[in-house]
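A.B. asks: Listed here are the chains, written in short residue letters.
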Amino acid sequence: MNHIDKKKEQTIKWNNRSDQTVLYLLGILLVSVIIMSILDEYFLSVRNLFNILNQQSTLGIATLGVVMVMIAGCMDLTIGNVLASTGAVAAILLNAGVDEIWVILATCAVGFIAGTINGVIVVKTRIDSFIATLGLSTVYQGVALIIPGGQNIYLQGKFGDFGTFRVGGIVPLPVIYFFVLATIVYLVMRFTKFGRKLYTIGGNPEAAYLAGINLDLNRIMAYAISGLLAGFTSLIVISRIGQSQPAMGVSYPLEAIAATVIGGVSLSGGKGTIPGMVLGVILFGLIRNSLNMLRVPSFYQYVTLGAVIIIAVALSKIGSNKKQ
Amino acid sequence: MTKQQLLEIKGCSKWFPGVKALNSIDFDLLEGEIHCIIGENGAGKSTLIKILSGALKPDEGIICIGDKKFSSLTPSLAQEMGIRTIYQEISLAPDLTVAENIFMGQEPVNRFGFVDYFKLKKESKKILETLKIDLDVNALVRKLGVPQKQSVQIAKAMAEEAKIFILDEPTASYSSSEISNLLMLVDQVAQNGVGVIYISHHLEEIFDIYSRITVLRDGVKVASHEKGDLSEEKIINEMIGRDVNKFYSREMVDIDYSNAIELKNFSNGSTVNNISFNIHKGEIVGLAGMVGSGRTELVRLIFGADNKTDGTITLEGKETSIKNPKQAIRAGFSLLTEDRKKTGLILDHSVLWNISIVHLCNTKGQIIDEVKERKAAQGCVSTFNIKTPSIKQLARNLSGGNQQKLVLAKWLYADTKMIIFDEPTRGIDIGAKEEIYKSMIQLAKQGKYILIISSDMPELIAMCDRVIVMRQGRLVCEIDRENLNEENILSYSIGGTI
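The listed protein sequences correspond, in order, to chains L and X.
Under the numbering used here, the first sequence has 898 at position 324, and the numbering climbs by one with no breaks.
Under the numbering used here, the second sequence has 499 at position 489, and the numbering climbs by one with no breaks.
Just so you know, these hints were derived from the structure itself, not from any lab.
Do not rely on the hints blindly, as some may be mistaken.
[To be verified] From chain X, some residues computed to sit far from chain L (all C-beta separations above 12 Å):
| # | residue |
| --- | --- |
| 1 | 14 |
| 2 | 152 |
| 3 | 157 |
| 4 | 169 |
| 5 | 346 |
| 6 | 356 |
| 7 | 375 |
| 8 | 424 |
[Claimed, not checked] Cβ pair distances, simulated, as ranges:
| # | chain 1 | residue 1 | chain 2 | residue 2 | range |
| --- | --- | --- | --- | --- | --- |
| 9 | X | 349 | L | 609 | 44 to 54 Å |
| 10 | X | 117 | L | 603 | 53 to 63 Å |
| 11 | X | 152 | L | 600 | 48 to 58 Å |
| 12 | X | 375 | L | 602 | 44 to 54 Å |
| 13 | X | 376 | L | 743 | 32 to 42 Å |
| 14 | X | 380 | L | 602 | 23 to 33 Å |
| 15 | L | 869 | X | 381 | 48 to 58 Å |
| 16 | L | 726 | X | 349 | 53 to 63 Å |
| 17 | L | 603 | X | 375 | 34 to 44 Å |
| 18 | X | 349 | L | 889 | 26 to 36 Å |
From the three backbone atoms N, C-alpha and C, an ideal C-beta is built for every residue, glycine too.
Let's have the full structure, built from the sequences with the hints guiding it.
C.D. replies: Shown next as structure tokens:
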């Protein structure tokens with residue numbers, strides 16, 4: 575018995591893993607920033623740093639939804655194609671002359687509905703959520719082509735400010751959206767019962783069920799929020815590029831998973847924090863920006879980013895195996 | 011003609027943290043013999059089987075198989091030495107035929123190296139005929155019932171010319187005709203020279219087929235009997251017989267007989283049949299029975315965790331409808347499940363989160379007051395004496411006894427009227443046990459309704475005002491405190507007649 579107790583003592587140091595992840599991410603961020611600023615004097619300029627944040631804000635907002643789903647022990651691979659579909663809806667509405675505010679609300683609502691459908695299908699069919707949302711993602715890929723008839727839709731009116739305006743000429747609006755939404759999701763996950771239920775469901779679904787938590791309802795809600803945030807993201811994307819493209823969300827699901835895993839969110843659910851995920855998203859952008867600045871050819875960038883994703887997942891697996 | 015010895019175990023011991031599961035056991039098996047092992051839950055039967063199948067390493071002792079000696083086995087070594095453990099369902103390929111399963115891994119091949127299906131079927135038929143199993147060799151295993159699958163496994167083991175068969179509770183959830191078919195098959199197998207180790211909680215079965223009975227108690231071999239003049243009573247007496255002084259002595263609490271929870275006709279169509287009983291306010295009722303008798307299934311039905319076909323609950327005169335755990339908790343029920351790691355705790359969450367979750371999820375409001383939550387958890391940690399460096403510690407890092415106290419804290423913090431304990435003290439140390447017993451008495455004093463499932467008979471005898479006994483999904487009897495003794499509980503649990 576004695577040596578078992580001692581072993582327990584040793585593991586105590588590890589007890590606040592999520593807090594540690596945040597510190598450790600901040601450390602890596604800092605080191606990369608220092609190295610990059612030595613290699614390239616332009617890197618540390620306010621403009622470049624905001625560019626990185628601006629570039630990552632869309633991925634970041636969409637990932638906020640995915641992270642809720644992942645904490646509840648599920649996966650959402652639909653965000654990219656949901657985003658393409660809602661973007662098409664938004665572009666059509668805008669070109670039809672609907673008021674911007676109504677377009678924004680309608681687009682978010684369409685995303686919310688798509689997310690709810692995803693949630694209901696995952697929960698009720700009990701198919702592994704990875705496979706179910708992979709299939710659903712293909713469905714939305716079709717929807718994103720059907721709605722605009724396979725064409726890009728160019729925005730005729732002025733919706734440009736929504737995604738490109740810089741407050742005081744410096745801070746891009748999407749960066750502000752990202753931090754405001756991240757704060758809201760952080761508060762929800764930390765201080766509401768809904769958030770706590772998601773953690774519990776992801777941590778141990780059977781124990782959560784026996785503790786009186788409605789697994790299906792809460793999971794559906796997480797998916798619905800994920801869809802809503804994908805809808806919101808599509809508005810920024812179309813505003814930025816001035817058009818809606820059927821394939822504009824293709825890289826989102828994988829990048830979202832990569833960023834969350836880098837940020838310390840468990841692939842099996844129940845663990846992970848919003849600050850960790852936000853840092854993961856930023857670190858991911860920093861790597862991409864650094865590769866650009868170091869003039870790594872884009873083909874090699876894919877190889878590097880893919881390797882980063884695999885290394886991050888492998889490290890998180892090693893971390894969780896060690897505990898058992 | 012003397013029978014050849016297939017297997018011999020000498021001086022075999024196995025320790026688990028805090029308990030000696032097997033204490034210097036000697037055991038042997040002859041060819042053509044059916045050697046039955048009987049004992050209470052936790053007597054060491056499963057440990058012995060696991061050692062023989064290579065799943066566990068003994069700490070002491072020698073295992074002799076034929077003329078080879080081993081200090082421990084691995085699963086593949088046990089296979090190689092001709093030991094086969096027969097399970098009810100697993101280890102068959104569902105989408106292959108009966109014949110293909112029987113010869114899986116040793117299919118006869120023709121001269122081109124392809125499987126010789128003609129021979130495969132012919133040989134399979136031959137084996138099934140020798141064992142008098144009535145099965146079509148072309149049937150898909152997926153389409154067979156559990157008893158047929160089990161006979162296919164036995165046929166497969168015969169085809170592999172294994173010499174030692176282990177059957178651990180092979181008749182669980184079988185109907186009486188299925189049981190007698192299996193017993194005939196086992197007898198047939200033994201007549202073909204195989205040695206069978208047969209474990210069961212059911213005395214009739216054992217008395218039907220045994221050539222030898224070995225009785226285990228608390229990890230010790232109590233006695234071994236050859237076939238002959240043997241009474242059920244003798245066996246039961248050997249299974250029990252503990253020192254009464256070791257029992258915990260509880261404080262008695264006045265029971266309020268005017269208030270009760272009435273449970274009526276609980277059934278799930280298979281493992282639980284038409285069970286009714288009631289619990290009075292302040293009363294501690296025990297639920298006894300062997301593993302597999304339907305105890306856990308029953309309390310899961312009561313708690314709404316599984317679907318029931320029938321069953322009503324009347325709580326203090328009001329009929330209460332419970333369809334899921336959420337409704338159960340809101341109606342005033344708690345269920346402390348038997349497996350704290352799998353169903354009780356969220357191991358990767360903190361002590362704090364584990365304590366507050368039930369209370370939090372079943373009270374009004376959406377916002378968590380972290381200050382209040384922390385205070386309450388801190389209070390629970392000191393009330394239940396949970397040893398943890400801080401409430402931020404992960405539940406995974408606590409010892410078994412402290413994990414169990416954590417489960418207790420989480421449910422008692424939710425403050426429900428009825429508390430169901432499923433094996434509340436399994437695998438925890440004496441100190442933690444006593445603290446849990448004290449909490450139970452406290453609850454009884456507060457006028458709660460308490461139901462305890464336990465395989466630990468001294469625990470039931472010490473703690474309960476009344477014990478109900480289940481056997482094969484049915485309620486066999488109620489025993490009140492005056493008549494509560496191990497002999498009574500055990501004989502009703504295993505169906506002996508005294």
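A.B. asks: So the hint says 53 to 63 Å: do the beta-carbon atoms of residue 117/X and residue 603/L match that?
C.D. replies: 60 Å, holds
A.B. asks: Using the beta carbons of residue 726/L and residue 349/X, state whether their distance is inside 53 to 63 Å or not.
C.D. replies: Since residue 726/L and residue 349/X have Cβ atoms about 56 Å apart, the given range 53 to 63 Å holds.
A.B. asks: Assuming the hint says 48 to 58 Å, is it satisfied by the Cβ distance from residue 152/X to residue 600/L or not?
C.D. replies: 55 Å, holds
A.B. asks: Is 32 to 42 Å right for how far apart the beta carbons of residue 376/X and residue 743/L are?
C.D. replies: 40 Å, holds
A.B. asks: Any Cβ of chain L at or closer than 12 Å to residue 346/X, or is the non-interface label fine?
C.D. replies: Check fails; 10 Å does not lie beyond 12 Å.
A.B. asks: Verify this label for me: residue 157/X is non-interface relative to chain L, using a Cβ-Cβ cutoff of 12 Å.
C.D. replies: 29 Å, holds
A.B. asks: Do the Cβ positions of residue 380/X and residue 602/L conform to the proposed distance bound of 23 to 33 Å?
C.D. replies: 29 Å, holds
A.B. asks: Range first: 34 to 44 Å. Now tell me if the beta carbons of residue 603/L and residue 375/X are that far apart.
C.D. replies: At 37 Å between Cβs, range holds.
A.B. asks: Grab the minimum beta-carbon distance between residue 169/X and chain L and tell me whether it stays above 12 Å.
C.D. replies: About 37 Å separates residue 169/X from the closest Cβ of chain L, which puts it past 12 Å; holds.
A.B. asks: The hint says 44 to 54 Å between residue 375/X and residue 602/L; measuring C-beta to C-beta, is that right?
C.D. replies: 39 Å, violated
A.B. asks: Check the non-interface label on residue 152/X: least C-beta distance to chain L beyond 12 Å or not.
C.D. replies: 20 Å, holds
A.B. asks: Grab the minimum beta-carbon distance between residue 14/X and chain L and tell me whether it stays above 12 Å.
C.D. replies: 44 Å, holds
Taken one by one, the earlier hints fail for this structure at numbers 5, 6, 7, 8, 12, listed in ascending order.
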